[in-house]
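Engineer: Letter by letter, the chains look like this.
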Amino acid sequence: MKTILIVEDSSTTRALIRAVIDELGDFDTVEAATGFEALKMLPQQEYDLIITDINMPDINGLELINFVRSNVRYSHVPIIIVSTERSEEDKKRGLALGATAYVTKPFKSVELQEAIQKIIGP
Amino acid sequence: MKASKKEFIAEAEDLLEESQRLILEIQDTFSSGLNPDTINALFRTMHTLKGVSGLFGLQGISSISHALETLMDDVRLGKIPMTDVVAGFLLKNLDIMKNLVDTISRDDEEGDISAFLKDIEAFRNSRKGRAEERADEERIDAAIMKVLSEYEEHRLKSNIKDGKGIYLAKAVFLLETFDTSLEKLTKTIKTVGELISTLPTSSNVPDGSIGFNLMFGSTRPLEEIKKTVNFDIDVLVQPKTAQQQSAAALATVKSPDAHLKSTSTTVRVDIEKLDRILHTIGELTLAKGAVKRIGTELVERYGRTELVYDVHKISQALERRLSELQGQVLEIRMVPIGQIFTRLAQIVRRYSRETGKDIELAVFGEDTELDKYLAEEIVDPLMHLMRNAIDHGIEPPEVRKQMGKKESGTIILKAYQKGNHVVIEVKDDGAGIDTVRVRKKAIEKGLIDDDVELQEKEIIDFIFTPGFSTKDVVSEVSGRGVGMDVVKNKLSALGGFAEVQTVRNAGTTFVLTLPITLAIIKALIVRVGKEKFAVPLTSMSETFIVEHKDIQTIEWKEVYYLRGEMLPMVRINNFFNIEGDSAERSFAVLAGFGERRVGLMVDEFFGQHEIVIKSHSDYMKNLRGFAGCAEIGKHEVILVLDAESLIDESVLKQKGGSHV
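So the protein lines, in turn, are chains X and H.
Quick note on numbering: my numbering labels position 72 of the first sequence as 72, and the sequence is numbered without any gaps.
Quick note on numbering: my numbering labels position 33 of the second sequence as 1033, and the sequence is numbered without any gaps.
No false leads were mixed into what you were given.
Result set (EDC-like, lysine to aspartate or glutamate): computed pairs, CA atoms no more than 20 Å apart in a straight line:
{"id": "1", "chain 1": "X", "residue 1": "Lys2", "chain 2": "X", "residue 2": "Asp48"}
{"id": "2", "chain 1": "H", "residue 1": "Lys1079", "chain 2": "X", "residue 2": "Glu89"}
{"id": "3", "chain 1": "X", "residue 1": "Lys92", "chain 2": "H", "residue 2": "Glu1069"}
{"id": "4", "chain 1": "H", "residue 1": "Lys1005", "chain 2": "H", "residue 2": "Asp1107"}
{"id": "5", "chain 1": "H", "residue 1": "Lys1157", "chain 2": "X", "residue 2": "Glu89"}
{"id": "6", "chain 1": "X", "residue 1": "Lys40", "chain 2": "H", "residue 2": "Asp1179"}
Reference listing, derived: stretches of chain X covered by chain H, where coverage requires no fewer than 3 residues with Cβ under 8 Å from a Cβ of chain H:
{"id": "7", "segment": "34-46"}
{"id": "8", "segment": "49-58"}
Please keep in mind that the hints were generated in silico from the structure rather than gathered at the bench.
All residues carry an ideal CB built from backbone N, CA and C; glycine is no exception.
With the sequences and hints as input, model every part of the structure.
Structural biologist: Put into structure tokens, the structure is as follows:
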């Protein structure tokens, strides 16, 4: 079973992302409500995919991506950014920092499912 | 012209209009702080314009919008500071593009635009060096810059701009407890400056720990910062020296002086807030009325003692100040009508192109002021009249030529103040209204019998009937479903009215008369039997006394000769079916203006009162003859008569009850 780490400060969005992933059937999900929580959870287990928001209260998603990419232990983990369309520039930066894909909020479940399956699908 | 090209021109005009609006918004916010969203939106309109003009193979517009898009991209990324000069330059180029769009709409070639492109490029290069903070930013490690979100980058820039030093505190914490330690450090940093970003790192950090680079801006000396924060600190950007800073401070004190004068003496206020103030004034007016009444009662009861005299004096002062306050607030609501004329001018340009009729628009009296609410509400009726004039009024060029008229049609839009009213005229030099045809149509529609003799004025009034159109084909311009009746009803709702003057083959003039303001008005309080009503002074011109024996009946209409002119009369008691006084004479109010006038007969006048008209509930919406209701003190609520609909209703009733 592959594990996905969801980093998102909005609990409804987190629940939505989890539901979308559950629909796919074959993934475990772990959730972090803040960037700090994510930093703590990173060393605790292996992740196959990280889904992160950009605008969060403590550290932003870009800083998290940079942290993941610059640490040999996690640098191979693919990352999907889920963020609003207003942060066009942030999207560019995220991809430049090494995020694998970008899904714009609000998203259709299929969009996110397709992105996940393309990256770590069977 | 191909339809697709028409679409392009319409879209291009929309985009240019939107760009202009955005630039004006940017100019408005120079002093209060620019909104990055507005700048970004401006970038996007240029981007879209480039895209669509490219699709149509319009090289000129496409290249210019591309050049401006590049310029805007630099502005939005802060490479070029947004200043008044830049805004002015953009506006100039919008005009150039508008001309190009006009050229294309006339099916002409775009012409050589290389000079414009060179100009934009030169301008961009000349502005580029001006963003001083750019150099400072570049001193910051690219590795740090690239993880900043747009907002953090913005904060960084503004810290640098303010001359603050930019520092990086490096901390390493245990993974299990880093959040509490980090929170403590964050708090400490906030005591010396502004925390800009928190960057986690794992380089040079032992296992089980995590590193953080905290970027912050501060004006404090480095020694003090080091002592307070107590972590390794890198200096990323030096603070400006004290001298530089005071110079900068002086500059920020001096230059805004000039700035403030030009831009920030105006305040934008939501019209709703002004409405609320007026509402409060309305309530105060009622309270004032009560004080006045108490004063009068005191005189009656205790005579003119000193205390009573005091109350009287206070109530007078209150009255004066209140009416001053009212006047001032009403003045704030006033806008020059030119604001909406500009919008109408654009529409005329667009429709004249769509219909292939060359139209010259002449505008007079743009400075005439009226209430903002009324100005906004009158736009649609005016737009409809303009479309109508272009579509039905002005003949096609060939026809005009045959008739010996100038090939291009003329529409005159004119506004002026007349007492408490603003008059707006829309005049065209087109075909005029064909009264024979209107009459025929009215008979067809069963509005009149074919043997009824009507005056020309009465025939023309049929164009205000719902669903009435003499044009068999509904044109693209005038559209379907919106008729002159909408114009009339809107005006009536606003307390105004519409008149038409037309001369066959010479043109038509629509005269719209509106009260200057709706908010608080003076009204004459009248009595009919046991009922009281208010008649707004804005809808009446005089009062007179009528001896019943002088009233004559002509064609089922009751009329009275006022100074030799025939005036239709309406007995309010009969109209609303209430019992009036049985006297030999009545008081009468001359309501309406110009050609549409009527005498309203009532039993008694109670004098003037300031009222705030409140619309009544939906339950009573279908009752004609009332404009709403108003409170006149002592919790007494009375109905406000609507002269316009009374005139209509009376004509219908007396014409033998052909109610629609």
